[in-house]
Every structure is written in C-alpha cells, then in structure tokens.
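Asker: Below are the chains, spelled out letter by letter.
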Amino acid sequence: MPQPIIKVENLQKSYGGKKAVNGISFEVEKGEIFGILGPNGAGKTTTLEMIEAVREIDGGSAAIDGIDVASNPYKIRTIIGVQPQSPAFQDKTRLTELIELFGAAYGERVDARKFLDEVSLSEKADSYVENLSGGQKQRLSIAAALVHSPKVLFMDEPTTGLDPQARINLWNLVKQVQKRGITVILTTHYMEEAESLCHRVAIMDNGEIKALDTPQKLVKNLLAKGFKKEQHVEQANLEDVFLALTGKGLRS
Amino acid sequence: MKWVWTAIIVVVVLRIGMRLRNRSASDKTTPVRVKNRKPLTGWRRKLFTVYIFAKLNTRRFFRDRLALFFGILFPLIFLFVFGSISKGGNNGVSFHVALINNSHSSFSQQFIKETESSKLFKVDDTITTMAQAKDKMNKSQIDGTIVLPADFGQPKDGHPQGQAQVYYSPNNDQAGMALVSVLQQEFKSLNSKFVNVHEPFSVAGVQTKQKSLTAFDYTFSGLLGFSILGAGIFGPINVFPELKKQGILRRFHTTPIRVWQYFLSTMISQAITGLVAIAVMFVAAMTVFHLHVVGNYLEIAIFLVFSIVMILGIGLAVGGWARNERQAAPLGNIIVFPMMFLSGVFFPRFLMPEWLQGITNYLPMSPVVDGARQLITEGKSLADIGSQLLIMAVWMVIIYIIAFRVFRWE
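Line by line, the protein sequences are chains A and B. Residues in the first sequence are numbered consecutively from 1, following the working numbering. Residues in the second sequence are numbered consecutively from 1001, following the working numbering.
Hints are computed from structural coordinates only; laboratory data are not their basis. Every residue, glycine too, gets a C-beta built ideally from N, C-alpha and C. Treat the hints loosely; a few may be bogus.
Under 10 Å between C-beta atoms, here's a sample of chain B residues computed to sit facing chain A [what the hints assert, rightly or not]:
(1) 1041
(2) 1060
(3) 1255
(4) 1263
Dumping the calculated DSBU-like pairs for lysine-lysine here, alpha-carbon to alpha-carbon at most 35 Å [said to hold, decoys possible]:
(5) A:179 - B:1046
(6) A:7 - B:1156
(7) A:137 - B:1046
(8) B:1245 - A:19
(9) A:92 - B:1122
(10) A:124 - B:1046
(11) B:1055 - A:151
(12) B:1038 - A:114
(13) A:92 - B:1055
(14) A:175 - B:1139
(15) B:1055 - A:75
(16) B:1139 - A:137
(17) A:175 - B:1046
Using the sequences plus the hints, can you model the full thing?
Answerer: As structure tokens, this is what we get:
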C-alpha cells in the first residue's frame, strides 16, 4: 500500500476577496506522477506555490513527508525541487556554473557534468545559458531542480511552448525521474500529456477540485454516464504524421 | 615607488579577474574532483553558498561588456573630463580679455604685443569693437575689456603717458576688479622705468612650501564617490527588477538560500569589482593627472571596501523593495541625485554655505568622499577619521536593517 508523501487539507488562498484556491484537499502518493489539470486561472499555479512554501497559505494546511509547510518553509525547501513555469537564468553563466550555483543554494558541492549528462546537455556544458533553446532550458531547469536529490519534484506547465520532439523528450525525462523514486507533481493543460504521463490527475476549475482519479477511471466514469463521442476509426492523428515526417529525434 | 605598487596591484587584480572569467576551461581536465568530498555542515555549508554565489557573480561582471563599461570605463571617462577641467584651472590665474586699441602710438603697439604674449592674459582676437566686447562680457565669456584711448602712449613731459580703461560687467565684478589691479601692477613697473619713485611701503607675497590640496584632489575623491554610487546604487536598481521580472529571484526563493546569504555574496562581489574599478581610476589619476597619494594603501582599500558595502546597501534596499523598474528608478534617482550634488561628488562641500555643510555632513555619501580625500591626499590614517567612520557605521546599520526588512524575492 503506497503512502501519501503530500497531504493537502482544505487549502485556501484569496486575492483581494476573490478565492483563487477554495478549500481543496488531496493526497499524493510516494513515487507517483500526479497531475493537476485545469484551464488558465483555475488556481493550479497558486496551489503549487503554496505547497512549495513560496506563497503564504491563507487557510488549511499542506504537509510534505510529514513536515508542515507553513511552519517549516526552509525544511520543506531542502526536500523539494521546483521547476517554474518559464525557466529563466542569469545570463553570462555557463551551464556547469549554473548547476554549481543551484547546488550551492542547497549548500551542496555537486558534480555539474554528471547532472548535465542526465538531461543530455553535456555538449552544451560550457555554453552560456542564454544560448539554449526552450526545450534545453526546461531540461537544464530540471537538472537544477534535482541537484540536492529532492523527494518531490514540482513542475509548473513544463511543456508549454515546446515543439512535439522536445515535449516527448521531456516526458521521457519525467518518467526517468519518477523511476528514481522521486515523486512528481505537475500542472498542465494538455490532456494527452496527463494521459500518457500521470498516474492520477486532479481536475481543477475556479479554485476547486472537480474530479480526482486515474485518467482511465475518469474516462470510464464519463462513459458510464452515457457520454458518447463521434466515432473515429483513424489509427493516426496529425501529430503522428508530424512525428513520422520529422522524426522523434530531439532538436537542439 | 607608490606608483609601481599600484601598477602591480592593478595587474594582479586584473589577472585574477581574467582567471575567474576563464576558469571553466581548467574545470574540464578535472571533472570529478568534487566527488569524494564530504558534505559540508553547519556554518561552513552556509558560507559555501555565499562563496559560490559571490564567485559566479564576480565572474559574470568580467564577462559582461555592459557592466564593464558602466563599472570601469564610465567613471574613467568622468575622471578624464573633470580631471582636465580642474587641471586647466590649476595652471595659475589668467584673464580672458578683449583689447581695443584706439591709439596709433608705437608705445601702444608695444604694449599690445606684450599683453598678447603674457601668460596672464588670454586675448580674444575676434573682438574689435566695443559692441562685440560688451556682448561677450554680458555672456561672461570674457572677464573684461581693456581700452586704449587715442592719446595713449603719446609723449608728454618727456615720456609717454596715458590712461587705459578697463570695462567689466556687474555680473563679473570680482574678475573685473582683479583685472584692474593686475594692470595697475603692470603699469607700476612700467612707470618705474620712466620716473624714479621711492616707495616706503610695499607688499611681498610669499608662497607656503607646505603640501596643499589641489583642485584635482577634491575632484578625484568626488569621482571615487561617483564610481561607488553608480555601481552600488544604479547597479542593483537596474538589475533587481529585471531578475524579478524573469522570475530568477523567485527561483532562488524555492531553495533554502537565506536573504543574508544572498546579500553577503552580493557585497563580496561588489567589493571586488568596485576595487578593480577604483584601482584603474587610481592608475589613471596617478599617471595622467599626477595624483600624489600619501596615504597607506591598505587603509585606503579597507576604507573603500567599507564605503562600497555601505552604499551598496542603499541599492539593495531600493532594488530589493521595488516590484519593477517603474518603482525602482524614481526612488533611486531621488536618493542618488541629492547625494551627488550635496555630498561633494561633483563639487567640493566647502563651497557651500556653512549651515548646508553642517547638514550635508551627515549624508551617507559625505563621509565617504571626505574620508577618501583625507586618507589618499592628506596623509591621514583611519584613526584620524573616526567621525567619518562613525557616521558611516550608523548609516550602515540603518540601511541594512531597512534592506532586510523590505526585500522581496518577486
């Protein structure tokens, strides 16, 4: 029986009277990839930031690995890794130096090349960060978030703005991270991403969780209610065409 | 001898900068050197964070052309501009005058020739009429006009005689009166050639041989202040809003790094880059403008590091508080510009009325400029400038309390 590593109870946040997060509760199990889905403004990012201890919690509580977030923000930060929505780094910094910098932020001496190798950025190790593509920046950001061997990795819309090759590559990377025993919690508004990546998803809207289950169960439940979609018998879609023509190899 | 030492220090500092800049080339050969080290604990772990942040910040400065320009070249340009001005004024007094000669006597021709070749007068040749001269005097472009009347230099009683007239405008009466007395002196020596006069009383000017402050000494300590202000305040108020906008600071906020670690690393890198910039200014001032440094270099360096860190606190407070550049820029200007004009950065404070000197004495920048001048050119030691150090220490505490209170990561 898997144990919950993240426990969220009745979490609340309001901005100027408007409830951005309206009393949500959920648990994330150790070692799973947990997705939070929802349209823009649903409260996904705010939820993540409260659990990451970077945004103040207005009501309710969140705990990671048994540690209360609100009362131990610094302890929390040492056991989580955070991948922000659009990763940005100080310019004129080499990739190796950036990993070194993040290691230092956690008080760790790290072997930068090993971490860059894990996200296949060895070739770019001596480049400046401003010379990376969007996908490479996302990978670098993941490497930077893992320098201290965290227990949980938070990813906020990690594939937004990436081309299909970079997105597939990132999915594989996330799966590798999960195989190492790190719990991953991510937000997205791509359904296929949630379907192929997440073990369980929570669907949010207007600051509330509308449904929470495995993607397969959620689909089954909908079908059980008598939902019918126009039948498609095609065995491929436009993305398959795109990938067949351009290949799955990652572009720099 | 001191010149040599400065040159050596500058070369060493620049070499260190270049080495830091190119460091990762040597990293390649030893990629796994960190593997076997034990994890750091306690204070060493916290200071390791500071060390790496400071090291990489310093490296970035030397890689960034824009930072190098504003940090090193920009103050240097000011040094050359202001240095040339104060140097020009230092080569003795001279008067800009117009000469209008209405006389045809050979004596007046001779007088004009001598005036034009004299170092005391700079004669404006373009002026030939009184109207032109009056126009230029009203614009204060010349100090006065010497007019020789038609009968000037005509012989009478056996020798040439005449009365020259000096015109000057009321907005320039000090220079005008000085011009009159200088001419009188000239005429006096002329008179003695024609008439033998015995003078029972006379005055002789004696220059003291003591080391005195030149205008450049004031200019130089002011420009040091300018460099410290620019890097310490304009640096952070430009950089921090940008770091916040891109979410770079917020990213650091998701790590366990503390504000004091971030501040301390910034102070260290600022002190290093600031000292490099100032060392370059010293070399330029000593070689080109013959700045004579009488102070102890170690004490000067300690004082300057203290100044850099104290002033940086203002930048950290403003930049750390501001959510964006629209908040940072106006507040930064409100703080910086009064200090530039009231703290002796652009002109010495002794030119101010006494009550204003009394007030401006307590601005954070004033003890920096005054202290730097006393250490560098007046031969004082740190022990002699205790009052300045005290004012700076008080400001340091106030500034950093504010900076820590108002800092936000996003």
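Asker: All hints, please: hold or fail.
Answerer: Hint by hint, here is what the structure shows:
no.: 1; hint: 1041; in the structure: 9 Å, holds
no.: 2; hint: 1060; in the structure: 4 Å, holds
no.: 3; hint: 1255; in the structure: 4 Å, holds
no.: 4; hint: 1263; in the structure: 14 Å, violated
no.: 5; hint: A:179 - B:1046; in the structure: 31 Å, holds
no.: 6; hint: A:7 - B:1156; in the structure: 116 Å, violated
no.: 7; hint: A:137 - B:1046; in the structure: 28 Å, holds
no.: 8; hint: B:1245 - A:19; in the structure: 25 Å, holds
no.: 9; hint: A:92 - B:1122; in the structure: 53 Å, violated
no.: 10; hint: A:124 - B:1046; in the structure: 29 Å, holds
no.: 11; hint: B:1055 - A:151; in the structure: 29 Å, holds
no.: 12; hint: B:1038 - A:114; in the structure: 17 Å, holds
no.: 13; hint: A:92 - B:1055; in the structure: 13 Å, holds
no.: 14; hint: A:175 - B:1139; in the structure: 80 Å, violated
no.: 15; hint: B:1055 - A:75; in the structure: 26 Å, holds
no.: 16; hint: B:1139 - A:137; in the structure: 62 Å, violated
no.: 17; hint: A:175 - B:1046; in the structure: 33 Å, holds
In the structure shown, a violation is registered for the earlier hints numbered 4, 6, 9, 14, 16, in ascending order.
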